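One-letter residues, chain by chain:
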Amino acid sequence: MKQDIILAGVGGQGILSIAFVIDNAALKDGLNFKQAEVHGMAQRGGAVQSHLRLSKSHIFSDLIPKGEADLIISVEPLESLRYVEYLNPDGCIVTSTNPFCNIPDYPPIEDVLMEIRSVKKAVLIDSEKIAKKAGSSRAQNMVILGAASKYLMVGEEALMEFIKVLFRTRGENIVNMNLRAFQVGKEAAS
Amino acid sequence: MAREILLGDEAVALGAIHAGLSAGYSYPGTPASEIMEYMIRALNKESGFKATWCVNEKVAYEEALGVSFAGKRTLVSMKHVGLNVAADPFMNSAITRINGGLVVVVADDPGMHSSQNEQDSRYYAHFAHVFCFEPSNHQEAYDMTRSAFDVSERFNIPVMVRMVTRLSHSRSRIETREIKKENPICYGQGQDWTLLPMNARRRFAHLVSVQPELIALSNKSPFNLLDLKDHDKSLGIIASGIGYNYVMENYSNQENCPSLLKVSTYPLPEALIAKLVNHVETVLVVEEGYPLIEQTIKGLFGIPEKKLHGKLTGHLPRTGELSPDSVREALGMNPREHLRIDSSILASRPPQLCQGCPHGDTFNALNQTLESYPKASVFSDIGCYTLGALPPYKAVDSCVCMGASVSMAKGGAEVGVFPSVAVIGDSTFAHSGITPLLDAMASNINMTVVIVDNAAVAMTGGQPTFATGEKLVKIIKGVGAPEEHIRVIVPLPKNLEKNIQVIREEIEHNGLSVIISLRECIQETKKKNKKGAK
Ligand SMILES: Cc1ncc(C[n+]2csc(CCOP(=O)(O)OP(=O)(O)O)c2C)c(N)n1
Ligand code: SF4
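If you read the protein sequences in the order shown, they are chains A and B. Take the first sequence: its position 59, counted from the start at 1, is 59 in the working numbering, and no numbers get skipped. Take the second sequence: its position 244, counted from the start at 1, is 244 in the working numbering, and no numbers get skipped.
Keep in mind that the hints were calculated from the coordinates and are not lab data. Since the structure is predicted, the reported quantities are computational estimates derived from the model, not experimental observations. It is possible that part of the hints are untrue.
[Claimed, not checked] Listed next, the in silico DSSO-like pairs over lysine-lysine satisfying Cα-Cα at most 30 Å (straight line): (1) A:K56 with B:K229; (2) B:K531 with A:K164; (3) A:K129 with B:K229; (4) A:K164 with A:K133; (5) A:K120 with A:K164; (6) A:K150 with A:K2.
[As the list claims (entries may be wrong)] The following label-pair restraints were derived from C-beta to C-beta distances: (7) B:Q355 with A:R170: 48 to 54 Å; (8) B:P184 with A:E85: 56 to 62 Å; (9) A:G30 with B:S326: 44 to 50 Å; (10) B:T435 with A:G30: 26 to 32 Å; (11) A:K56 with B:R41: 53 to 59 Å; (12) A:N102 with B:D397: 24 to 30 Å; (13) A:K121 with B:K306: 44 to 50 Å; (14) A:M1 with B:K306: 55 to 61 Å; (15) A:N102 with B:C257: 53 to 59 Å; (16) B:S372 with A:K121: 54 to 60 Å; (17) A:T169 with B:Q295: 47 to 53 Å; (18) B:R41 with A:E157: 26 to 32 Å.
Backbone N, C-alpha and C fix where the C-beta goes; we use that ideal spot for every residue, glycine too.
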């Protein structure tokens, strides 16, 4: 039993927070994991991705081989497409539909969404609208995590537990808002 | 035994702390920064040791040497090009009689994710005749760092731990072991540390004489694994570091993997390599970095009757980092099936200066001033401001190594470049910019140095800087720059016209001027506001 996941987004969108929650939840569920991160120039609006591998047995490579990924979780639509060749033929994309346009040649968003829909299993989420409903557009990463949760091999309970841990220092309101974002994200995907 | 989730870098740091570390030193640099960051965070929890950022890698290494002289264990960490800066103390320390264990961790960046080159530090270990560990995973990063201290003290040499980006910045779980006590203080002997020729000759002869023992240590090391298969002798693999992971990734289980030698230590385990090579017809060498193992085995003439495959033969790419996919191809397997899309839609998204970054305002002012000087050259340096090379600014003409902006501007100016402008950050200035400025000042060269002082080492995540604001001005005065040509500007959109005026005046001044463009990195301002709000 294994699951290979690519997390994608733009620097500052909080994909490492998603990784933190899944990593810890996996450990709690007794799984091995490896998670290759990108550090260094993250805060400057460049493309960011992380390879996250979960398995019951030993994991060798920190990087996912092309064609092995089961899931792409992306907080930005164009970024969800950047790593499609890592997906296996039955692989699934869970992505936000809200573009982050900080480049002059961002393609027309309809084209981007059409390309995403060409993948057999694609879950598209208006994360901005849903996050605002939950309390703040900054919780989009947790909306997307919620939307992806039913595809993950880690349990929902463990995920929720580490969302609490992640936001603990910011006070109860922020914790609850992010838990809400996770829940509405999950509902939006089903 | 406890379990922890750690980055590869953090596993190194924790291994050192648990090995009885007394002091750690470093200068920031991707992908090594997280080693020191972890140590500094651990300071509050685990008592005893010291851990500090230093002004540059050479200083960091020499401070570690002082600790070793006093008989205590010390770790110095840096990115690969940092070892170029620290090469002088590194090479010479191999001749001294290291007293307390000294471990130098060097994080290479194959693929140049955030570096100027992809040099392979294993060559430095070889060059200095010292022992080197190359971990392939987090547990090994922890365990090998611990062992490195023991080897250092047993042979009285510095020992290197070679990391690479993919391990440094990958997170996984490790199991920790008992925490050792620090060494008692115990001074080194003068004749072993004073590298006058008479001492240095004796010490170097000693270093050469222990090489066979280091090779023997490699041959016996539990980190080097030899697995010879009798059923198939056609192919054998020598894999080192994370190259080993990429090999194993392509075999569903250990049984169907060909004969394999996993190399984790240098000098190379010669006896084990001989056994593998003798056992098979074709040897594939899989190593991250330059083809060091492959070239060593091949020598000038290769091995009669055997085929040797690797980077030199084109079976693996010579540049960039390895991947499970490139190794798969070298193993002669078909690529896995994968999804495809029309990739023409993938507009690239390069990193860019943050919205409102002070460097953007400095470049706007500089670019507009230089519109009237079509022959201007802007020699830049390394930091966030190097992104000024990209659109929309396209403001700089060079970026070579830390400090080179000032020295290159001097060289250019001397042979007729005008205006000759250097752009350098405050941390880079402290690291390597003061000495070239002293040099340029000595002959009052006609050039303009712009110090973009954002009060942080921003590029690598906002570590503290040594010379900012008032202190920076004092240093520049001390170097001998005339006070009327040391100008401070504040890079903000509302100051654009004023700033253009200042830059123009200083370019027109026939001699050396220094302009300090002073405004805090906005990421640092945000961090402080967050802390204040708590
Ligand atoms: C010898 C060496 N050490 C470290 C680095 C990594 N590095 C790149 S830029 C930089 C510092 C940048 O600080 P500063 O000059 O203040 O510019 P800022 O990023 O703050 O704009 C460092 C440490 C390097 N490239 N070379
Ligand atoms: S981190 Fe600071 S210095 Fe770097 S681009 Fe952002 S604001 Fe500018």
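Now the hints, each set against the structure:
1. A:K56 with B:K229: Holds, at about 27 Å.
2. B:K531 with A:K164: holds (20 Å)
3. A:K129 with B:K229: Given pair K129 (chain A), K229 (chain B) is violated - Cα atoms ~59 Å apart, limit 30 Å.
4. A:K164 with A:K133: holds (19 Å)
5. A:K120 with A:K164: Distance ~34 Å between K120 (chain A) and K164 (chain A) Cα, so the pair is violated.
6. A:K150 with A:K2: holds (15 Å)
7. B:Q355 with A:R170: 48 to 54 Å: Between Q355 (chain B) and R170 (chain A), where Cβ atoms are some 23 Å apart, the hint is violated.
8. B:P184 with A:E85: 56 to 62 Å: At roughly 57 Å between Cβ atoms, E85 (chain A) and P184 (chain B) fall inside 56 to 62 Å, so the hint holds.
9. A:G30 with B:S326: 44 to 50 Å: violated (33 Å)
10. B:T435 with A:G30: 26 to 32 Å: Between T435 (chain B) and G30 (chain A), where Cβ atoms are some 56 Å apart, the hint is violated.
11. A:K56 with B:R41: 53 to 59 Å: violated (32 Å)
12. A:N102 with B:D397: 24 to 30 Å: holds (26 Å)
13. A:K121 with B:K306: 44 to 50 Å: Given about 48 Å between the Cβ atoms, the range holds.
14. A:M1 with B:K306: 55 to 61 Å: Given a distance of about 41 Å, which is not inside 55 to 61 Å, the answer is violated.
15. A:N102 with B:C257: 53 to 59 Å: At roughly 45 Å between Cβ atoms, C257 (chain B) and N102 (chain A) fall outside 53 to 59 Å, so the hint is violated.
16. B:S372 with A:K121: 54 to 60 Å: Holds - the Cβ-Cβ distance for S372 (chain B) and K121 (chain A), about 58 Å, lies within 54 to 60 Å.
17. A:T169 with B:Q295: 47 to 53 Å: Holds - the Cβ-Cβ distance for T169 (chain A) and Q295 (chain B), about 51 Å, lies within 47 to 53 Å.
18. B:R41 with A:E157: 26 to 32 Å: Between R41 (chain B) and E157 (chain A), where Cβ atoms are some 29 Å apart, the hint holds.
In summary, the numbered hints that this structure violates are 3, 5, 7, 9, 10, 11, 14, 15.
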